[in-house]
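Chains as they are written, first to last, in my numbering: chain A, 1 to 245; chain B, 1 to 261; chain C, 1 to 275.
Hints may contain errors.
[Said to hold, decoys possible] Mimicking DSSO-like on lysine-lysine, the simulated pairs with C-alpha atoms at most 30 Å apart in a straight line are:
1. Lys187(C) <-> Lys219(C)
2. Lys6(C) <-> Lys223(C)
3. Lys161(A) <-> Lys29(A)
4. Lys175(B) <-> Lys146(B)
5. Lys75(C) <-> Lys175(B)
6. Lys52(A) <-> Lys205(A)
7. Lys119(C) <-> Lys6(C)
8. Lys175(B) <-> Lys6(C)
9. Lys183(A) <-> Lys161(A)
10. Lys197(B) <-> Lys187(C)
11. Lys197(B) <-> Lys6(C)
12. Lys175(B) <-> Lys187(C)
13. Lys219(C) <-> Lys6(C)
14. Lys187(C) <-> Lys6(C)
15. Lys119(C) <-> Lys219(C)
16. Lys187(C) <-> Lys119(C)
17. Lys205(A) <-> Lys183(A)
18. Lys52(A) <-> Lys175(B)
19. Lys76(C) <-> Lys119(C)
20. Lys119(C) <-> Lys75(C)
21. Lys223(C) <-> Lys119(C)
22. Lys160(A) <-> Lys52(A)
23. Lys219(C) <-> Lys175(B)
24. Lys52(A) <-> Lys29(A)
25. Lys223(C) <-> Lys187(C)
26. Lys223(C) <-> Lys147(B)
27. Lys223(C) <-> Lys197(B)
[Said to hold, decoys possible] Coverage of chain C stretches by chain A, computed from C-beta distances (three or more under 8 Å per stretch; other residues unrestricted):
28. 29-36
29. 66-77
30. 138-147
31. 255-265
[What the hints assert, rightly or not] Beta-carbon label-pair distances, calculated as ranges:
32. Val28(B) <-> Glu63(C): 53 to 63 Å
33. Ser52(B) <-> Asp131(A): 55 to 65 Å
34. Asp175(A) <-> Glu188(C): 22 to 32 Å
35. Asp131(A) <-> Arg2(C): 53 to 63 Å
36. Glu186(A) <-> Lys146(B): 15 to 25 Å
37. Glu21(C) <-> Arg66(B): 43 to 53 Å
38. Thr98(C) <-> Val28(B): 22 to 32 Å
39. Lys119(C) <-> Asp175(A): 46 to 56 Å
40. Glu21(C) <-> Leu238(B): 36 to 46 Å
I should point out that these hints are in silico values taken from the structure, not numbers from a laboratory.
Using N, Cα and C, we set each Cβ at its ideal position, and we do this for glycine too.
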Amino acid sequence: MRAGEYIGVVGENGGGKSTLVRILNGLLKPESGDVRILGGLDPAVEPFEVRKHVGMLFQNPDNGLVSPFVEDDVAFGLENLGVERDEMRERVRDAMRSVGLEGYERRETHTLSGGEKQRVALAGILAVEPDILILDEPTSMLDASGRREVLERLDVLRGKKTILHATHHLEELFDADRILVLKNGELAADIPPERLFSDGGLMRKNRLVAPTLLRLAESLGIPPRRSADELAAEISNRVRARTSG
Amino acid sequence: MGRGIGQFYPGESPLHTLDPRAKILASVGFVAALFLVGSFYGFLLVAAVVLSLLAVSRVPASAFIRFLKPVSFIVALTFLFQALFSRERAVLFEWGWLSVYEGGVSNGAFLAARILLLVLSAALLTATTPPVALTDGIEDLLSPLKKVRFPSHEVAMMMTIALRFIPTLDEEAQKIMRAQAARGAEFSEGGLIRRVKAIIPILVPLTVGAFRRADELADAMESRGYRGGDGRTRYRELRFRLRDGLALAFVAVVAVVGAVL
Amino acid sequence: MRIEVKNLRHVYSPGTDFAFEALRDVSLTVEAGEVFGIVGGTGSGKSTLVSHMNLLLEPTSGEVLIDGVDARTMKKSVLRRRVGLVFQFPESALFAPTVEEDVAFGPERLGLDEDEVRKRVEGTLGMLGVGHLAPRSPHALSGGEKRRVAMAGVLAMGPEAIILDEPTAGLDPATREELLNVVRGLKESGMSIVIVSHDLDEISEVSDRVCLMEGGSVKAAGKPSDVFYEHPENAPGTVRVALAVSERLFPDTVGRPVRFSETVEALERVMRRNP
Numbered sequence: 001m002r003a004g005e006y007i008g009v010v011g012e013n014g015g016g017k018s019t020l021v022r023i024l025n026g027l028l029k030p031e032s033g034d035v036r037i038l039g040g041l042d043p044a045v046e047p048f049e050v051r052k053h054v055g056m057l058f059q060n061p062d063n064g065l066v067s068p069f070v071e072d073d074v075a076f077g078l079e080n081l082g083v084e085r086d087e088m089r090e091r092v093r094d095a096m097r098s099v100g101l102e103g104y105e106r107r108e109t110h111t112l113s114g115g116e117k118q119r120v121a122l123a124g125i126l127a128v129e130p131d132i133l134i135l136d137e138p139t140s141m142l143d144a145s146g147r148r149e150v151l152e153r154l155d156v157l158r159g160k161k162t163i164l165h166a167t168h169h170l171e172e173l174f175d176a177d178r179i180l181v182l183k184n185g186e187l188a189a190d191i192p193p194e195r196l197f198s199d200g201g202l203m204r205k206n207r208l209v210a211p212t213l214l215r216l217a218e219s220l221g222i223p224p225r226r227s228a229d230e231l232a233a234e235i236s237n238r239v240r241a242r243t244s245g
Numbered sequence: 001m002g003r004g005i006g007q008f009y010p011g012e013s014p015l016h017t018l019d020p021r022a023k024i025l026a027s028v029g030f031v032a033a034l035f036l037v038g039s040f041y042g043f044l045l046v047a048a049v050v051l052s053l054l055a056v057s058r059v060p061a062s063a064f065i066r067f068l069k070p071v072s073f074i075v076a077l078t079f080l081f082q083a084l085f086s087r088e089r090a091v092l093f094e095w096g097w098l099s100v101y102e103g104g105v106s107n108g109a110f111l112a113a114r115i116l117l118l119v120l121s122a123a124l125l126t127a128t129t130p131p132v133a134l135t136d137g138i139e140d141l142l143s144p145l146k147k148v149r150f151p152s153h154e155v156a157m158m159m160t161i162a163l164r165f166i167p168t169l170d171e172e173a174q175k176i177m178r179a180q181a182a183r184g185a186e187f188s189e190g191g192l193i194r195r196v197k198a199i200i201p202i203l204v205p206l207t208v209g210a211f212r213r214a215d216e217l218a219d220a221m222e223s224r225g226y227r228g229g230d231g232r233t234r235y236r237e238l239r240f241r242l243r244d245g246l247a248l249a250f251v252a253v254v255a256v257v258g259a260v261l
Numbered sequence: 001m002r003i004e005v006k007n008l009r010h011v012y013s014p015g016t017d018f019a020f021e022a023l024r025d026v027s028l029t030v031e032a033g034e035v036f037g038i039v040g041g042t043g044s045g046k047s048t049l050v051s052h053m054n055l056l057l058e059p060t061s062g063e064v065l066i067d068g069v070d071a072r073t074m075k076k077s078v079l080r081r082r083v084g085l086v087f088q089f090p091e092s093a094l095f096a097p098t099v100e101e102d103v104a105f106g107p108e109r110l111g112l113d114e115d116e117v118r119k120r121v122e123g124t125l126g127m128l129g130v131g132h133l134a135p136r137s138p139h140a141l142s143g144g145e146k147r148r149v150a151m152a153g154v155l156a157m158g159p160e161a162i163i164l165d166e167p168t169a170g171l172d173p174a175t176r177e178e179l180l181n182v183v184r185g186l187k188e189s190g191m192s193i194v195i196v197s198h199d200l201d202e203i204s205e206v207s208d209r210v211c212l213m214e215g216g217s218v219k220a221a222g223k224p225s226d227v228f229y230e231h232p233e234n235a236p237g238t239v240r241v242a243l244a245v246s247e248r249l250f251p252d253t254v255g256r257p258v259r260f261s262e263t264v265e266a267l268e269r270v271m272r273r274n275p
């Protein structure tokens, strides 16, 4: 992974996504092989050093929040790093603003919606100002509006952080630089999204199901389009081209 | 729909803004005073102070009444026990084998009032102090014990997490009960053994779920750089100001005067 | 089985500071043998609504009729056997040491004899394609397997209707597809099925009729083509594409396809069409 890259990770449940992301920040130790973060840090040896630079967002927003109050939870990572209080206040405020949760400081975390909880978790990670973000299926427990909320906030971070994003929703990875396909603990492919989406054989072999829009485009012989409007525009253009030609 | 954590009542009274450590120590002071006072006037003084603090806190009386409900049975029992079985001073009245003595009634009333005031002073603390501040205060007060290897940070962290997860587990228990009821489980029928048996389908998923949560929480905490209390700073500031000192001194004076009177 | 909901209203914690009106005046009918999809965001009242269908929750006002009979007049144990309800997270239902024992829990509560219980356990596990899991611990299964076992636990009670609350949430797409096939199989057996989901794509694939919930009320209900084409902001991808194409060309060229195969067919027809 290069700095600033946005990399997707896909594959069926049990394919190794979670294991991979946990090895990267030292929650699990590899049996063999070598991991280096930022050129020199080995998460298996110096997990705490690595975690200063690697922020991790988990699947279940319910089980990642430590403190009963939003503000305290966002500060948790900073407390662990021993950041001074004045700086901490500032960074908590900035982080909360960057996920659109101003005014939520004193709310109790358990009263929030899934999307809001996940944004609190994201704020807690951003407050630490990591270089690398690891996202382990951050939207899989959310409903459509919760997903949108979280994805919008992640979208802004593209290019600013190195991002590794594991997900079941392929349409979330349209803008990824490349996608890693994991199967049975092995890297089955490492390819750009367009090529993966248009390779029906590779998709089927790895039990990947493309989102409706992509499948629709594929069935009609049209290259992947990311929105219903774009797909409809392409269809209409082809029809017009035929009728006028 | 949140019911709020613990018994905290958000507000801006002078009591709310006191340092939690001062409030914890003051509560301890009240408890000591209530045990030490022997005379009626001493007791009256402490009682008057506690009751006026209730007013100062501006927490609705209904909240305190709710607090007292669970102990009301014990209070009533204490009073009756004293009134019926103590044989001091003059007989107030006799009714068959039952004779009630003046000393019994006054002792009973005294004990009952003591328990009520104990509970109220504890309620005063939890109603005016956010749980997070409470755990911070406790951690701080216990920190001298670190020298004898008492895990004060860990104890406080445990309390914080418990506070955070009580509502979550409560929700989960509701969900599980509904899921099992949908499968024909009955929780309110049958004898004791049947009822205990009926709990198993709730307890197992709840326990399994709690362990899963604990695992995920541990992952999240570790990945956010948590490694115990060493080298950790605190977001919430505990500042012991002059007013906290004065408040404590006031409670100390009340306790001493009450004990001497 | 026909399930009718009439003017249903539900208030949680009535009379307290936390009173919350989760449902207001909801009326709908699930016809015998159909797949009825309920869609809507979190907090729209979907789960509260279905919990009334077997009286896990009692209406604050209004009524639920099961084949024309007021549910409140029926014995709860009988009603819950007839209307099976499978909740979103199978973890909250699974508790026994083995899958077999777990699935047997419901039928045993019905007082069936041992042979009948065993027959039902084997039957339902087999029907859902997880017979081989019988001796395993339910806690060690994959997400998709757990859901099937939880479903089997309800189906083993022999319900005439089954309600599935978010049956595929959090699963990978391939597993999701398999579960939808299970739903199609259940429909074949003649059962009435209510399926609650916030995934519009999957609801549109399996439902005969749908109901769109919002803020505790029914915003629209009826045939998927009617509901989705009149509420495109809450429509699956197929409908949004078809709608956008007909807006760009001229109306009525595309029709109102909803399911994936219908939509491909309709769009192919448009693209092939001679001027």
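Each hint, compared with the structure:
In summary, the hint linking Lys187(C) to Lys219(C) is supported, as the alpha carbons are separated by about 26 Å, within the 30 Å threshold. Simply put, Lys6(C) and Lys223(C) have alpha-carbon atoms about 19 Å apart, close enough for the 30 Å limit, and the pair holds. Under the criterion of a C-alpha separation no larger than 30 Å, the hint pairing Lys161(A) with Lys29(A) is consistent with the structure, at around 24 Å. This hinted pair does not check out: Lys175(B) and Lys146(B) have alpha carbons roughly 41 Å apart, beyond 30 Å.
Distance check on the hinted pair: Lys75(C) and Lys175(B) sit about 22 Å apart at the alpha-carbon level, within 30 Å; holds. The suggested pairing of Lys52(A) with Lys205(A) is violated, with an alpha-carbon distance near 38 Å, which exceeds 30 Å. Proposed proximity of Lys119(C) and Lys6(C) is contradicted: the alpha carbons are some 38 Å apart, above 30 Å. The hinted pair formed by Lys175(B) and Lys6(C) meets the criterion: a straight-line CA distance of about 25 Å does not exceed 30 Å.
Among the hinted pairs, Lys183(A) with Lys161(A) is consistent with the structure: their alpha-carbon atoms are about 26 Å apart, no more than 30 Å. With a C-alpha separation of about 35 Å, the suggested pair Lys197(B) and Lys187(C) falls outside the 30 Å cut-off, and the hint is violated. For the hint pairing Lys197(B) with Lys6(C), the CA-to-CA distance comes to about 37 Å; that exceeds 30 Å, so the pair is violated. Between Lys175(B) and Lys187(C), the direct Cα distance comes to roughly 27 Å. Compliance with the 30 Å bound is thereby established for this hinted pair.
Simply put, Lys219(C) and Lys6(C) have alpha-carbon atoms about 15 Å apart, close enough for the 30 Å limit, and the pair holds. Proximity of Lys187(C) to Lys6(C) is assessed by CA-CA distance (about 25 Å); at most 30 Å being required, the pair is judged to hold. Restraint check for Lys119(C) and Lys219(C): the C-alpha separation of about 43 Å exceeds 30 Å, so the hint is violated. Taking the CA atoms of Lys187(C) and Lys119(C), the gap is about 21 Å. The hint holds against a cut of 30 Å.
Proposed proximity of Lys205(A) and Lys183(A) is supported: the alpha carbons are some 9 Å apart, at most 30 Å. The straight-line distance between the Cα atoms of Lys52(A) and Lys175(B) is roughly 37 Å, outside the 30 Å bound, and the hint therefore fails. Among the hinted pairs, Lys76(C) with Lys119(C) is consistent with the structure: their alpha-carbon atoms are about 25 Å apart, no more than 30 Å. For the suggested pair Lys119(C) and Lys75(C), the alpha carbons sit about 26 Å apart, so the restraint of at most 30 Å is met.
Between Lys223(C) and Lys119(C) the alpha-carbon distance is near 38 Å, which puts this suggested pair outside the 30 Å criterion. Among the hinted pairs, Lys160(A) with Lys52(A) is consistent with the structure: their alpha-carbon atoms are about 16 Å apart, no more than 30 Å. Taking the CA atoms of Lys219(C) and Lys175(B), the gap is near 27 Å; set against the 30 Å cutoff, the hint holds. The hinted pair formed by Lys52(A) and Lys29(A) meets the criterion: a straight-line CA distance of about 18 Å does not exceed 30 Å.
Distance check on the hinted pair: Lys223(C) and Lys187(C) sit about 17 Å apart at the alpha-carbon level, within 30 Å; holds. Distance hint between Lys223(C) and Lys147(B) is unfulfilled; the C-alpha atoms sit about 72 Å from each other, more than 30 Å. Under the criterion of a C-alpha separation no larger than 30 Å, the hint pairing Lys223(C) with Lys197(B) is inconsistent with the structure, at around 46 Å. By the rule of at least three residues with a Cβ nearer than 8 Å to a Cβ of chain A, the coverage given for the stretch 29-36 of chain C is violated, with 0 such residues.
Residues of the stretch 66-77 of chain C lying with their CB closer than 8 Å to a CB of chain A number 0, which falls below the three-residue condition for coverage. Counting residues of the stretch 138-147 of chain C whose C-beta sits closer than 8 Å to any C-beta of chain A gives 3, which meets the bar of three, so the coverage hint holds. Against chain A, the stretch 255-265 of chain C contributes 3 residues with a C-beta closer than 8 Å to a partner C-beta. That satisfies the three-residue criterion, and the hint holds. For the pair Val28(B) and Glu63(C), the beta carbons lie near 57 Å from each other, so the given range of 53 to 63 Å is met.
Remark: the range hint 55 to 65 Å for Ser52(B) to Asp131(A) is upheld by a beta-carbon distance near 57 Å. A hinted range of 22 to 32 Å is violated for the C-beta pair Asp175(A) and Glu188(C), which are about 42 Å apart. A hinted range of 53 to 63 Å holds for the C-beta pair Asp131(A) and Arg2(C), which are about 60 Å apart. The beta-carbon spacing between Glu186(A) and Lys146(B), approximately 48 Å, falls outside the hinted interval of 15 to 25 Å.
Taking the beta carbon of each, Glu21(C) and Arg66(B) are about 25 Å apart, not inside 43 to 53 Å as hinted. The hint said 22 to 32 Å for the Cβ distance between Thr98(C) and Val28(B), and at roughly 53 Å that hint is violated. Taken as a hint, the range 46 to 56 Å holds for the pair Lys119(C) and Asp175(A), whose Cβ atoms sit roughly 54 Å apart. A beta carbon spacing of about 42 Å between Glu21(C) and Leu238(B) agrees with the range 36 to 46 Å that was offered as a hint.
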